[in-house]
Amino acid sequence: MSRFAMIRNMYQPKTSRDLLIDLGVGQYNATMLIETLMMAPATTEAAAAPTMLLVGHIQEALNDMGAELVVNGYIDEPTAQCLSQITGRGFLQLSWFEVVKDVVAARRAGI
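One point on numbering: in the working numbering, the residue at position 71 of the sequence shown is 63, and numbering is uninterrupted.
By construction, these hints were calculated from the structure, which means they are not laboratory data. Note that the structure is predicted; figures quoted are calculated from it, not measured. Some clues are possibly wrong.
Unchecked claim - Derived DEER-like restraints, expressed as beta-carbon distance ranges:
#, residue 1, residue 2, range
1, GLN77, MET2, 17 to 27 Å
2, TYR66, GLY16, 13 to 23 Å
3, MET2, GLU37, 28 to 38 Å
4, GLY102, ALA39, 26 to 36 Å
5, SER87, THR23, 17 to 27 Å
6, TYR3, SER76, 33 to 43 Å
7, ASP68, LYS6, 17 to 27 Å
8, ASN1, ALA39, 31 to 41 Å
9, GLN73, ALA101, 17 to 27 Å
Beta carbons: idealized from backbone N, C-alpha and C, even for Gly.
Let's have the full structure, built from the sequences with the hints guiding it.
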């Protein structure tokens, strides 16, 4: 089993809300973002407010792990590279839930 597979298996949030809270999203915004977690990044509108809010929190989490990203709410090239390192190259086809879960798991593991 790979290191990332072990990390993914170690973190199992009980609900989508718990996952968003662990990412650093507040209670109010978590309510708005739960629906977005069920979609894939490739199918969400990049300029939609929930998508930009979620990506901004992901960028902040990646910065907590040592990345030097501009928190702009968009999946730009540097953000895509960081997400590919954590979730794999096919992250655009995963659900946002899986992407966020991998990011939170990596941050908790100290990667």
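Going down the list of hints, with the structure as the test:
| no. | hint | verdict |
| --- | --- | --- |
| 1 | GLN77 - MET2: 17 to 27 Å | holds (18 Å) |
| 2 | TYR66 - GLY16: 13 to 23 Å | holds (18 Å) |
| 3 | MET2 - GLU37: 28 to 38 Å | holds (33 Å) |
| 4 | GLY102 - ALA39: 26 to 36 Å | holds (33 Å) |
| 5 | SER87 - THR23: 17 to 27 Å | holds (18 Å) |
| 6 | TYR3 - SER76: 33 to 43 Å | violated (19 Å) |
| 7 | ASP68 - LYS6: 17 to 27 Å | violated (32 Å) |
| 8 | ASN1 - ALA39: 31 to 41 Å | holds (35 Å) |
| 9 | GLN73 - ALA101: 17 to 27 Å | holds (19 Å) |
Checked against the numbered hints above, the structure violates hints 6, 7; every other hint is satisfied.
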